[in-house]
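Colleague: Below, each chain spelled out in residue letters.
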Amino acid sequence: MIRVFVQAAPIDVGAEIDLHDAGGHGASASFIGRVRGDAGLTELFLEHHPAMTEAGLASLAHAAADRWKLGALTLIHRVGSMTPGETIVLVLASSRHRAEALAACEYLIDRLKTDVMLWKRESFADGRIAWVEEREDDRDRAARWE
Amino acid sequence: MIRVFVQAAPIDVGAEIDLHDAGGHGASASFIGRVRGDAGLTELFLEHHPAMTEAGLASLAHAAADRWKLGALTLIHRVGSMTPGETIVLVLASSRHRAEALAACEYLIDRLKTDVMLWKRESFADGRIAWVEEREDDRDRAARWE
Amino acid sequence: MRIELAYFAWVRERMGTPGETVELPPAIADVAALLGWLAARDERGAATFADPHRIRAAIDGALAGPDAPLAGVREVALFPPVTGG
Amino acid sequence: MRIELAYFAWVRERMGTPGETVELPPAIADVAALLGWLAARDERGAATFADPHRIRAAIDGALAGPDAPLAGVREVALFPPVTGG
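For the protein sequence lines, the chains are B, V, L and P, in the order given. Read left to right, the first sequence gives residues 1 to 146 (my numbering). Read left to right, the second sequence gives residues 1 to 146 (my numbering). Read left to right, the third sequence gives residues 1 to 85 (my numbering). Read left to right, the fourth sequence gives residues 1 to 85 (my numbering).
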């Protein structure tokens, strides 16, 4: 079962894990990405291209399901305004076997960084506001899966 | 913060994630291993050498913390009698950066399979009871980290 | 030729709008030419598109390179490299 | 020499006990010799330790190979390869 959401509402990790795990899969790997309050960050704003972001996430999810034998896959990305500690992205991948669940989870989070139409803007306590620049190591990690 | 438990009581995954995540880490990777109800399995019994299992888990946890920069690490292994769908093992690894959290999580689950003094006995609906044999691919996956 | 332009992230901020409809001269046949035309059109365009290497484009929802043709296109989205996830 | 033996998993089941205290003859100086002595001692021992390659050992909480010496040892644990996790 593949579930993909792009949402402005907070991600309820516990509830999502319960929903995802209802199938009682042998192995579940997860990744949770959160807003870090580094350097006085007060707000993270995530802008997205709505149609392309949803299509991109769905396409990534199906690519993972084609590549590994997965019992369930959940991919939730938050957009809009967030504060430190809040969850930005949740990846849950389940399989009968741990190697497939772990690999799918890692693939999805690496590709998410470069394949989905999202842009981060950071606001800091001193009033500074800056768009995050592309990170070269994100491109490198995503390219491992080509 | 490193937390390691060997317990006969059920593992409350949601509560453990909340405890683990109290630090608000940037990236959290998790692995959940569950009892699979394959081939009419009715009970999984996990026997352990108490002193060696706890020492083994603690030593694995510290090896991971030495190898990667982790903000928090939780390692919980259940022992005793379990039924299909129940959680056998929970690994939670958090870091500022996703690559370290994911790698630590994978390392811990691979090494758990071979380094911890635990033995699985399976009971089936037809009355058959059998101790699980060592799996070669578990040894191979664990050896990747040498 | 009339197309919709959609701007995202700092491209949107510098252009001061999430998008606009433009009437392109026939000579503006691909994405690279469109960026040059926008940079030459006014000060906002110059400030936003001065360095076209920093800009990515999508045509009707699919990523497109600088030499992607604009003929028959409905929407061109212009934005910086993505930084999501 | 007196040592504690601890049995786990099917070793425990076949031996019919989680452990015992044994008085070893002086010639039984390492783990391999101990396994041979147990296999020769009685029927349960023969059934359990007939194939010593299937047995692993730990001495006082640390994994030990077949040639690990028994002098000064308190406890030897005997068990199949682990299958945990």
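Careful: at least some of the hints might be erroneous.
[Stated by the list, open to error] Which residues of chain B face chain V? A partial, calculated answer using Cβ under 8 Å:
# : residue
1 : Phe31
2 : Ile32
3 : Gly33
4 : Arg98
5 : Glu106
6 : Ser123
Everything labelled a hint here was simulated from the structure, so no lab data went into it. Every residue, glycine too, gets a C-beta built ideally from N, C-alpha and C.
Colleague: Hints first: check each against the structure and report whether it holds.
Modeller: Now for the hints, and whether the structure bears them out:
{"no.": "1", "hint": "Phe31", "result": "holds (5 Å)"}
{"no.": "2", "hint": "Ile32", "result": "holds (4 Å)"}
{"no.": "3", "hint": "Gly33", "result": "holds (6 Å)"}
{"no.": "4", "hint": "Arg98", "result": "holds (6 Å)"}
{"no.": "5", "hint": "Glu106", "result": "holds (5 Å)"}
{"no.": "6", "hint": "Ser123", "result": "violated (17 Å)"}
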